[in-house]
Structures are given as C-alpha cells and as structure tokens.
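Taken in order, these protein sequences are the chains called A and B. Note that this note's numbering gives residue 82 to position 82 of the first sequence, counting from 1, and the numbers run on in steps of one. Note that this note's numbering gives residue 153 to position 153 of the second sequence, counting from 1, and the numbers run on in steps of one.
Keep in mind the hints are simulated off the structure, nothing from the lab. Some clues are possibly wrong.
Taking lysine to any residue and the SDA-like style, the derived pairs with C-alpha atoms no more than 20 Å apart in a straight line are [claimed, not checked]:
#1 Lys65/B with Gly324/A
#2 Lys109/A with Gln98/A
#3 Lys134/B with Lys233/B
#4 Lys168/A with Lys233/B
#5 Lys47/A with Ile14/A
#6 Lys233/B with Arg347/A
#7 Lys344/A with Tyr136/B
Covered stretches of chain B (in silico footprint by chain A; criterion: 3 or more residues with CB under 8 Å from a CB of chain A, positions within the stretch not fixed) [said to hold, decoys possible]:
#8 36–42
#9 47–58
#10 141–148
#11 151–158
Per label pair, the in silico range of CB-to-CB distance [stated by the list, open to error]:
#12 Phe55/B with Glu244/A: 53 to 59 Å
#13 Leu213/A with Ala225/B: 33 to 39 Å
#14 Ile106/B with Ala167/A: 45 to 51 Å
#15 Leu139/B with Gly324/A: 30 to 36 Å
Heads up, the beta-carbon is just placed ideally off N, CA and C, and yes, glycines get one too.
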Amino acid sequence: MADTFYDVMRRQGITRRSFLKFCSLTATSLGLGPAFVPKIVHAMETKPRTPVVWLHGLECTCCTEAFIRSAHPLVSDVVLSMISLDYDDTIMAAAGYQAEEILEQTIEKYDGQFVLACEGNPPLNEDGMYCFQGGIPYLEKLRHMADHAGAIIAWGSCASWGCVQAAKPNPTRATPIHKVLNKPVIKVPGCPPIPEVMTGVVTYLLTFGMPELDRQGRPKMFYSQRIHDKCYRRPHFDAGQFVEKFDDEGARKGYCLYKVGCKGPTTYNACSTTRWNEAVSFPIGSGHGCIGCSEDAFWDKGSFYDRVTDVQPGIESTADRVGGTLAAVTGAAIAAHAAVSAIKRARDTKGAHTEKGGA
Amino acid sequence: MASARSEALRQAKALDGAPEHHVEGLVDHSMMRAVYVYEAPVRLWHWVTVVAMIFLFATGYLIGKPLPAVGGEASDHYVMGYIRMIHFIAGYVFAIAFVGRVYWWIVGNTWAKELFAPAIFSGKFWGGFFHQVKWYLFLTKEPRSYVAHNPLATLAMFLMFGLVGLFMIFTGFALYSEGLGQGSWADRMFGWVIPLLGQSQDVHTYHRLGMWIMLLFAMIHIYMAFREDILSKQSIVSTMVNGYRYFKD
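Model the full structure from these sequences, guided by the hints.
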C-alpha cells in the first residue's frame, strides 16, 4: 500500500495542527466553503500519494522558481517532496541515465495514474532538434509520458499558449502542448503562474480529481475573472480617473492605469485577488499596468503601454490609425467625388439648355 | 405641386403590394410615379439604428481612448461608468433593432428582402452593378432607376452593414459577457467568440476596426443618398422618411 499524503507530511515532521491549517487554507484558496475542509482532510489522509512528473521543454524555469516560493511553505514542501521523489530535472538529485530511468519506473508502477506537469513547450521545427533531452527530442519524451499519464497540467504560458519562444516569427515553431497531445490538458497560464494557483491546482487535482475548466481549458476557480474585475483601482476606472503618463499627478494618486496600457481588462488571472509574494503586491499595486502575461500570444499584441493595440499582421498600426486614415481618405474622396459630380452636372445642365435653346 | 404629390400617393397606394416585375429591375416610368417601398417597420429600424450608431460610435471611441482624467474623489464621479452604460444600452438597441429587421426581412414586402439576400447569381444583378460603378466613375450619363436599392448599394449594404453589423453584435456581446461573468446568458451565447478570434485583446481590436468600417459605411451611405437624391431620377432621402419613392420623369 502506497503512502498517503498525510503519511508523507507526518514523516516530514509536520504536526497534525499544521496539516489541518493547510487543509483549511487550501479550501479557502480554492473558493470552497468550510464544509469542504473535512473532505480535503479525509482525502489527504486516505488517498494514496499520486506521483507527479515534472517535465521541462523550451522554458525559462520561471514556473519552477515561482512554485518553490509558494506563500504557504507547507504547500510547496509537501508537493515538492512528492515531486522530487519522482522526476523534475531542475531540482532532483539524480542526473543522466539514473534520472531518465525514473520516468520508466514511474510508468511501470503508476501507469495511467501519475500527474504529468509540463513546463515549457516542444519546438517542432527541424524535427524537434531545438530541445533535445536524453538523446531524444523533447516532443517524443512528452508524448511518451503523456500516453501513460492520468492527468496533464500545462504550467505557465509556454506550455499553455507558446509564450515568448512562440512569438512571431516563432523560428523554432514552439507549440503549446495541447496541440501535440490528444488528451485533455489543464492550462495554468501566466509568466509565471501565481505560485498559490499552482499549488492550489495540484492539491485540487490530487484530492478531488479534474477541476472544472473554462472554454480554453483553464481551471475556473482561478481564471474565470479578469484582473480588471477585482482590481482595487477599478473605482478610478469607473470614475474616469486615469494615469495619463507615468509619474504624473494621477500616478501618484493611484489612479487607473488603463490609459498607459494596462491589460487588466483583457487578462484572465487571479493576481488582483491572490496577489504575489505572500500577497504583498502585484504589478498594478506597484503602479505598473498588467502586461497580460497569462493571455495567448501576449508578446504579439504590440506595446505593453498602449490600450488600443496593433493590428496584426504587418506594419505596426493600431485600429485607430488604420480606421482614422481610412476615414480621412474616404472623406477626401467623397468631397472630390461630390465636386466632380457638381461640376459635371452644371456642365450637363448648361449643355442641355444650350441644346434646348438650339432646338 | 401639392396636388401632384397627392395624386402620386394615390397611384402608389393603388400599386402597393406591387407586381413581381418590379423586384429586380428597371421601372417602367410611364406606368408609375411613386411606389411605397419602405414600410413603417423598415423606416423605424433605419432611424433607430442611426441614433444607436451615433451613440455607439461616440461612446465606443471614448471607451478605447478615454476622456482626460477627472480630479477629486473617485466616489464623486462615474464618467467611464456612464459612457460604458450608454454604449451597452445603445448596443442592445442596435442588436434588437437588427433582429427586428431580420424578422421584417421574412415578413416584409419584396424590397425589405433585398438587404439580406443580394441576387449575386443573377447576370442582371451584375449588369446593374457594373452600370452603377460606371455611373459613379462618370463614365455613363444615364443613371438607372430602381424601386429600392441599386445592385451596388445592395451589395454594399449587405457586406458593410449587414455582415459587419452582425460581426459587431457578436463581438460586442462577447466583450459584454466578460463583464457579466462566466455562466451569464451573454457568456453562454457569445462567449465562444473570444477564443475563436484569439483572446480578449484581439476581440477588442477587431471590434474597434469594425467601428471604423461602420463609420466609413455611414459616410459613404449618407453621401450617396444625397448625391443620388440630386442627380438620379428618383427620390432617396425622403423615401426613408415617408416610405414613398418618387420618380422624377
């Protein structure tokens, strides 16, 4: 019989009191009522520990860096200890053949049960040579593990959307994992995702199974609202109080950052509720607009500091520049056409009169 | 003059629910001086849409590029809130009027059907289309008369107003659903538009481009209506007010 989560925690010297605190905190961060705390406790105490295999494709490791800084140390300790027991090439002790063996061992022991957490994405150009691990392209490794996984998580914007390596012109053809796998993928986008969101998703998955996902495959509990919907500067937006440029009076007063390009109104994430670094702050709290890092292709939407952004593809131009120019050209054309029509009519009428006069 | 008009009205009323041969083509001027083209629901729809579009354009522009910031306490102002509220109300009006117009396409008279179904498979349509292009390029002296729209206008209406208008309704309510939240009626009906076009920011961009296309349409539409009213042999502007098309010769 495999260990339960509770067994693992106790072995790490965590008291029952701390364990119960962790369970209630998790229930709160998942948006569940007090009635769910005993359910989480029960699941943690009785369900066998599910191994997590953490793969790295093309990425910058910011997801891992964020994850190990999860605000509640217990969460990361527990989940991390579970992961390091299995596979994460960034933080595990094993290396080389030993490390790669762990993958096959996991498949043997937990076929169809383990959680596959993917950080980064596979590049498809040149037969996947841009990301090569243990003698095979990452794409093959990813597909092999995915075939045997019970659930698949896409960590961060790389695995979920493609992120910076997939930004135009995407030379390596970096591709989000859901496009190369034929299994459902839980997307946890962000560059990086919020640590508490990551641990929350893992905990939910391990205790309750698949979380409810939105249309784009993101867990609804963290990604169903925009930054804008819960932003503490929202009253300034509704009032029409904006930062016109950085360091102006409005910026000092903490007005809305909409006019300096805040992507809060178009970005689905939990930053304005959970915040970062033990809920100290988040970009808007520090006076900078949201750059929309958890949204698809946020690198390709032009300046981070424009609200009306570039029209793709082609020359850098906003909807307003294109539309305004077209309107001006059309206006001029109408004026010219009207002038010609008037002249022609006057001439024709004169001609008609002359003809009549002649006849 | 007044008696001539009432005579024309009387004749047109006699011709209301007119014979089929008026649908596509040229009008036999000798037979008829006026035709009841635009029924009351069509005219109502037109002017409701005009008012809605004026509000939609003005407020829509300001949602993307807001007015200069107001000072004082946030609780004393609701500038952006009101601008957005007007935009949403006008959007509802535009959309409901649009749906009403679609209904009238089904139950209305023959000319009410042109806007949504240009006869693009008929050679006569394209003949008329190119004649109209020539007329606008000053290459022909004689304009042709039509009871409702000429083929060029029909196609422009269908593409620039019909399709773009529909696009604006779908993208507009998709963006509106973001505020109402997931699971709301707008989300269930229009939320799928957002991932289809990329992400929320893309939908904002395309919705704004659509705004400019609608503006271009309105500019050309108004110019052409007045130009043809003056230069062609039929009434245009007054027709959308009283419903009757008069032929000048």
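Okay, the hints, checked on the actual structure:
1. Lys65/B with Gly324/A: holds, 13 Å
2. Lys109/A with Gln98/A: holds, 16 Å
3. Lys134/B with Lys233/B: Satisfied, since the Cα-Cα distance of roughly 16 Å is no more than 20 Å.
4. Lys168/A with Lys233/B: violated, 55 Å
5. Lys47/A with Ile14/A: OK: Lys47/A and Ile14/A at ~18 Å, within 20 Å.
6. Lys233/B with Arg347/A: Distance ~18 Å between Lys233/B and Arg347/A Cα, so the pair holds.
7. Lys344/A with Tyr136/B: holds, 12 Å
8. 36–42: It is violated, with 0 qualifying residues against the three required.
9. 47–58: Answer violated; 0 residues pass the 8 Å Cβ test.
10. 141–148: violated (count 1)
11. 151–158: violated (count 0)
12. Phe55/B with Glu244/A: 53 to 59 Å: With a Cβ separation near 26 Å, Phe55/B and Glu244/A fall outside 53 to 59 Å, so the hint is violated.
13. Leu213/A with Ala225/B: 33 to 39 Å: violated, 51 Å
14. Ile106/B with Ala167/A: 45 to 51 Å: Check passed, 48 Å falls within 45 to 51 Å.
15. Leu139/B with Gly324/A: 30 to 36 Å: With a Cβ separation near 31 Å, Leu139/B and Gly324/A satisfy 30 to 36 Å, so the hint holds.
Of the numbered hints stated above, those contradicted by the structure are hints 4, 8, 9, 10, 11, 12 and 13, listed in ascending order.
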